[in-house]
Structures are given as structure tokens and as C-alpha cells.
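There are 2 protein chains.
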Amino acid sequence: MSTFEQLKTEAQRIADVKYAAAVLNWDMEINMPANGVEARSRQLATLSGIAFEMGTSEKFSNLLQAAKDDASLDALQKRNVELLWSDFQKAKKFSQEFVEEMSMTVSQTFAAWEHAKKANDFSLYAPQLEKMIALKRKQAEIIGYEKHPYDALLDDYEPGMTAAVLDEYFNTVRSGLKPLLEKIKAQPQVDNSCLHQHFDRQQQWDYSIAILKQMGYDFGAGRQDISTHPFTTNFAATDVRVTTRINENDMTDCLFSAIHEGGHALYEQGLLTGNYGLPLGEAASLSVHESQSRLWENNVGRALPFWKYNFEIAQKTFPAQFSAISQHTLYKAINRVEPSFIRTQADELTYHFHIMIRFDIEKALMEGTLNVTDLKNYWNEQYQKYLGITPADDATGILQDVHWSHGLLGYFPTYSLGSAYAAQYYRQAEQDIPGLNDLIAKGDNAPLLTWLREKIHVHGRFYNSQDLCEKVTGEKLNFNHFLKYAEDKYSGIYGF
Amino acid sequence: MSTFEQLKTEAQRIADVKYAAAVLNWDMEINMPANGVEARSRQLATLSGIAFEMGTSEKFSNLLQAAKDDASLDALQKRNVELLWSDFQKAKKFSQEFVEEMSMTVSQTFAAWEHAKKANDFSLYAPQLEKMIALKRKQAEIIGYEKHPYDALLDDYEPGMTAAVLDEYFNTVRSGLKPLLEKIKAQPQVDNSCLHQHFDRQQQWDYSIAILKQMGYDFGAGRQDISTHPFTTNFAATDVRVTTRINENDMTDCLFSAIHEGGHALYEQGLLTGNYGLPLGEAASLSVHESQSRLWENNVGRALPFWKYNFEIAQKTFPAQFSAISQHTLYKAINRVEPSFIRTQADELTYHFHIMIRFDIEKALMEGTLNVTDLKNYWNEQYQKYLGITPADDATGILQDVHWSHGLLGYFPTYSLGSAYAAQYYRQAEQDIPGLNDLIAKGDNAPLLTWLREKIHVHGRFYNSQDLCEKVTGEKLNFNHFLKYAEDKYSGIYGF
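Chain order of the listed sequences is B and D.
For the first sequence, the working numbering gives the first residue as 1, with consecutive numbering after it.
For the second sequence, the working numbering gives the first residue as 497, with consecutive numbering after it.
Watch out, some of these pointers could steer you wrong.
Using 20 Å as the maximum straight-line C-alpha spacing, the simulated SDA-like pairs for lysine to any residue come out as follows [claimed, not checked]:
(1) D:LYS514 - B:MET54
(2) D:LYS588 - D:LEU631
(3) B:LYS59 - D:ALA547
(4) B:LYS213 - D:ALA530
(5) D:LYS514 - B:GLY49
The hints are simulated quantities; they were obtained by calculation from the structure and are not laboratory data.
This one's a predicted model, so the numbers in the text were calculated from it and none came from an experiment.
Whole structure, please, built from the sequences with the hints as guidance.
In C-alpha cells, the structure reads:
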């Protein structure tokens, strides 16, 4: 066996263990009976311990070294080895003790968050969150960074991204969106009461399945289930599962969750199976992932061409609710802009403010310029400043997100970046695919999916998000594409 | 940490990996999309490779040795160590090469079996089955045995069981059941047409759930799903799952599958969680397992007391089908005896002949006194001899069972033993629990479950099946208890 084949064999064995853990996690969310949680937690801990051992072992190190020194590799193999090598170097920095401390701290912080959220009291969470932040700062020191400790954390989700780049990015976001939001707020509000009727659960479910099929999601390599928080998970490009949720008083919850997760899933289903367990068989970054979900959810699913085709189907599916309204009424309703407290329910414009606030907080926490004890006040001030609203309580404010309790600092920015990439990619797709919007208006999404597959999915982690964007669109990430998209859309809807 | 605690920690880690594989297997049967099979197979192979490595490692060997030499262990710890030690000694006998060869041969033999069964042609399967038999004989040599190579295989499913004991056992089965079957065949056949009407799927499902609850199956520590072949699986005593299947033209399929698997599951749910991953937290043997499923299915579920309580519920659930029939008609219908081709559909009397035939075959294959090429003829002759019928084709004859393709030789006898144990245990329970049948006739199964828990479940693997039987009933396995039970039941039904 060649050095590369030997390395690949072991990398795939490690991936097997990680994907096995992913199956156990999926099962825990979807199927597991209540009493199973204790045994499942220990099974997951054991699997991740084994994967960590294998991924930092001398055996793996030797295989990596041999492949690295092998001059006969082709360009793709070489890139796989490079990425495996840098993952390995990073993983090696952590002691077993640190990994265990982090794992324990996550369990405790998550439990404290759950408890505090139920009690609607941030003070019950703060002491444990402080421990988590301290540990994340320690983690940043272990990883190392050039300019800002936050850079070390960002790298986990968004290779190559830095606090400095994000500072500039969010300045553009802020200066671009603030006046647009003001313009919208000055207009009469859009009526979205058509969405808040009673919608039958089974009909919503069937409708979401039909839409996933229309998008090109392959049910031979996936399935949809119900969960409290919609998510996508994958155990191979040939087994990529999505979930949605159903709100009987709001049909958009199920529909747009399905489209959003479907966008994530199309990315995973489009990865090359020949690279199973290797970096080129993995998604490039979280922002690229989010660009796929957001592109389908917003640039496709909340745009006019999609509804030209789907409005009649929606009317047939929900005749009692939609037979008396027009296509434009529905289109406007699903695009209503309104400052609100909960990030996951925000419209696509104010969404960026939610992220910006979290970015500022995370950066300051990592710098040490903001203390956990001041977090709640800071949060509320920022919501007042940017969205003109102040959360009535902790559960709808500072306690709403699970991320920090899991130690996921540096994750939030990818949500905003993803939407920006989505707008830029969609604009490029419009240029590359003749009559794209007419095709979508006829229910034909295949050319768009083919384009995404060729331009983005097949590359796996070959390019990082910024280089990929430049390769596909000819320029680095440029928030003006989102701005232009938003101005066009909302000027049409709000009439300014 | 004490020597025992250290050993326990590692044994539980190994169990974590095995249970993780069990989750992946369950998911493969129940949820997995079609295209996922290749990745899943390799994930399963990796997990079992890791579990094998861990379970035969020097680290584990040292931990075992230290605990074995530790004089301070209590009786339960000591028994755990003894059993872990003997499992380890057995596992150590196999080389990695043998394990891989067996795994590959199973895949190939299973594929050949599937193909041959579809084509209804044993000759397509025979060459591959020969390879499997040769490998099983090799396995028996590796394990070692005193008298008969079959003993080495039996030990996997039924510790302490030998071909000699089974010879004697099946002689008793043969001589006892043959005249009883003749007596039944001399009587007019029971009418079971009431079972072969159309039964709504959802109603059958709901009914099976209600029956599982009535048995005491804990849905907080389990769930029921649908699969082609009903089975029970467990990932801890706190997560024990069952499946059933639904035949719209036969309500007994779903009902008795649910009760049978429910019986298996009650055993697993009754194992001590404190012994998770240790022998005393595992079932004693397959025959003890089958004694639990059969006891609930037959000694409870096909007996009069159960139907005294459940007939009215069945009538309410299926009024169109059952409102015009009597309790006794239904009782007789579900107990009709009739020689038939398919083991899994056999009544509880002729079932033993199906097993006896397979036992004779397996023993002869291991001895080398029967060749695979003669297998089909031998099979057909035996069916004619004992049941008076000859399979019309291979699919309903020699190709019906999956077991041999998986290398599971030595497994079949436990099905017959299980029924025999069930009769003996139930007779004992009647003696130990005052008014047991009256309680069941009132729908109160709790005293029976409590008895099973105390007498059987909590012991795990502490006793082997034969010693357990002696401890609980005061005598070794005695087929006369089954015979007496069968004579009482069928004389009442067939009137002789």
C-alpha cells in the first residue's frame, strides 16, 4: 500500500468512530427513550475518547509523516495530507486532561444553562459560564494566536478567519443595514396574519417532504424527522439526515426549517464519497455550510421565482388558509421585517444584528474587557441600541442560545457570514446560469444544484471559505451583495 | 481505585463500543436510507475491530490478572471477574486474521443466501455454505472441546451445554411429542378463520402497545418500531428496544411478535444497571432469554387466563372481526396445531420438530457425517418423517433460515430449550405466586414480572442456564413440564 493509502485507511477508521458517535447523537435526539441518557452519555464519551486517542497516536503521526514526505502524491492527495497534518498538529496541543476538563465543563455548563433558562434567571448560569470562558481563554492560549485570542477559537469553525477581518465585516454590516432597517420601520408594516392560522400537522409534514424533493434532496441518502431544534447530521455523503419541527399556528416554521436544513444536507450529499473520512470529503467551513442553507432558505425560498411555482401548490395544500389570498400577500408575509428578541425567529435582515451583538460580546469576553457579571446589562443595551427593543426577561434575552454552554465561542459569526456568502453566490449563479430565476419559477432547481455541486460541494475542504468565494465569484466576501439583494427585495415589499 | 474498579472501567469502555455498534445495527434495520449501507458496514467493522482489540489487549489482560489475584473481592465481583476471564481466554484464542476471515465469510455467505433464497435455488448457496461450515469446524478446533466439535460452538450461546446433553434432550422431545402430535392430528382441525380477516394497521399497532404496557414493559426505557423480522436489542438496561411487524390479514403476527419480543425486553430491562458492561449485567444465555420470550408469548399470551382479561379488549379493538365470536373460539384459533414448513410461523408444539431437525443437521455437519451437498435431501426427508410434509421448494425448506449464513451454528437448540424452560418456570411461578392465573385473568401481570425479576433477571450471568433452572425450580431442565403443559392445553382444545 502507498503511504497515502495507509494514511487514508487509518483516517477513515477514525472517521468511522466519529460518525458512529454522530449516529448515537442523532438517535439520542430522535429516538432514545428518556432513561437511556446516562448510558448514552458514557458511550459517546468513550467513542470521542477513542477517536481522540487514534487521531493523536504515534501510529497516526508516523503515517502522516510518511505521506507528507512522499513526493509522488497528486495535488488532491497532497491537500488531504496538508489538512490532516494541520488538524493533527492542533489536536496534539491538547492534553487528555484538558479534553476531559472541557468535556466535564461542557456537561456542567449545559446543565446550568438549562436550569437557569427554565428558571428565567441568568444569575444561576453566570458562575458556571465564567468557568467556561476561563477555560476557552486557556484553550486559545494552548492553540496560540498572532493577534487576538478570539482568532484561535474562530479557526475551529472558520479556518483563516480573524477578529480583525470580522471587525471590518461587521462595520460594513452595521453601516449598511442600520439605515435600511430605519427605512423599513418608517413604512406601514406588512400583514402576515395569513401565516398565523391553524395548519394541519400531517399536511405541513407532507408539504415539507415535497419541497425537499423539489430541491433535489435525495431520500435514498437521507431522511427527515421531527426534533425540537431542527438540525442536519451526516454519517457519510450517502446518509445525510435532516429534521424539522411543526408549529400548528405558523406554517413557516416547518417549511423554512426543511428548506434551511435541506440546503445544509444538499451540501453534505454533494461531497465526494471517494473522500469519505478525509478533509476533501468534509465541508469547507461553517460559513460555507450556512451559505448553502441560507441560499436555499432565503435567496431561493423567500424569493418571487420560487413562489411563482409554489404558490399554487401551497394553495392546493392549504386551501382553507390560502385560497382567498394572493401570491404577493404570501410573499410579503414571509418577508416581513420586524426587530424581535429571538435570533432563530428573526427575519433575514435583523438577523445580522443578533449575530453582531454576539460577536462583540464574544470578542470582549475573550479579551477580558467584558465580565460575565456585566453580560446581561450589556446584552440588553445592545438590543436597545440596534433593534430598539429590550428583552423583558433573561429567557428571551441573554439565556436564549445554547452555544456558549457547549463552549462554542466563535461559532456565531459564521451565521452572518453564511448569509452574506449566500447572496454573493446566488448573484454569481444568476450570472452563470442563463435564466436561473425563470427555471426556478418553473420548479426546476436542478441547474442551480448542479452549479452548487460543481462550484462548491465537490471541493470539500480544498479551499477555505475566503479563497473559495474568490474562486467562484472572482472577489473576496463582499457584504454589498447582501445589501443590494436586501435593498432590492425590501424596497419592493415596503415600497420605498 | 481498587483492582476491580479499574477492571470494571475498562470492561465498561469495551461495552460502550459494543453497544454503540448495536445502536448502529438497530438504526440500519429501522431508519437507515438505502444508500447508507456501505458506509455503515465499514463503521460497524471498525467498531467491532476496536472492541476486539480492547478486549484482547495486554492492558485488559493485566487488569484481569490483578483482579483475579485480589483476595478482597466480594462474591459478585469474583463471579464478574471469573466470567470476564473466561470470555477473555476464549477471545484470545482467535487471531485477528481468523476474525477478519470469519467476518468476510459471513458477508459473502449472507449475500449468497439472500441471492439463493430469492432465486429459490439451494445449489447457488451450497458452495458458500460449505466454506462457512469448514470455517466453523476450524473455529471449533481453535476453541477446543472435550467430546464433540459442536460443544465448542454451543458454548457461545449456551455456556455448559453439550451435544450429548442435547441428544438426550431431543430424544425426550421426540418420544414425548410424536404421540401427542398424532393424537391431535386424529381430531377434527380447529377453525382459525377468525384470525384471517382484515385488521387495520394502526389498530393492531395501538393494541400491541397496550399489551406491552400491560406486560410491564417500560417505555421510558424502550420503544417499539416496525421491522421485517421482529427483534429485541439493548444498549443498556435503560434502553431496550423491540420491533414487531404487521400483517393486515393475520392479527396474531403483530400481537405475538410484540409479546414475544416484550418478553425478551423485560429480561433486559430487569438486568442490574450497576453491572452495566459486566457479565452480571448480561443475560445468562440464549435459552434463558428465549424462556422469557416464550413464557410471555405462550404460557401467558396463549393461555386462558390472559384471554379472560383480554378478550373483551380485543373485541372492543376489533369489533367487526370479533364481536360475533366467543372467547373460546379465539383461544382455540390462536392455539391451532398444524405441521407447516416455516419455523417462525409454527405452533408451539410442532416448533420443537423444526429445531430438532436443525440440531441433527448441525451436529452432523460439524462431525462431517453430513455433506452440504446432501443437505437439501436430508432436510426434506426429515420434514416428511417428523411432520409428514415435504417442502415444495428450497425457499420454504432448506433456505428459510438466515442463521447459518451468519455462522450461527449452535444457536437453534436454544429456541427449543427456551420453550422447555418457559414451561418449567411458569409451573414454578404458579406454585410460588398464590392465585397467579387469577391475577393474570384480572390483567395484573405485576406479580409474575416481579417473580421473574427476582428469580431470573437480577442474576445476569451469575448462573448458567442449567444451574439457574435448578436454583429456581429445584430440578434440572425437565422436558416433562412442557409435555404436561402441552397435553393439558391440547387435550382441552382438541378434546381427547
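Check: Checked against the structure, which of the hints given earlier come out wrong?
Finding: none
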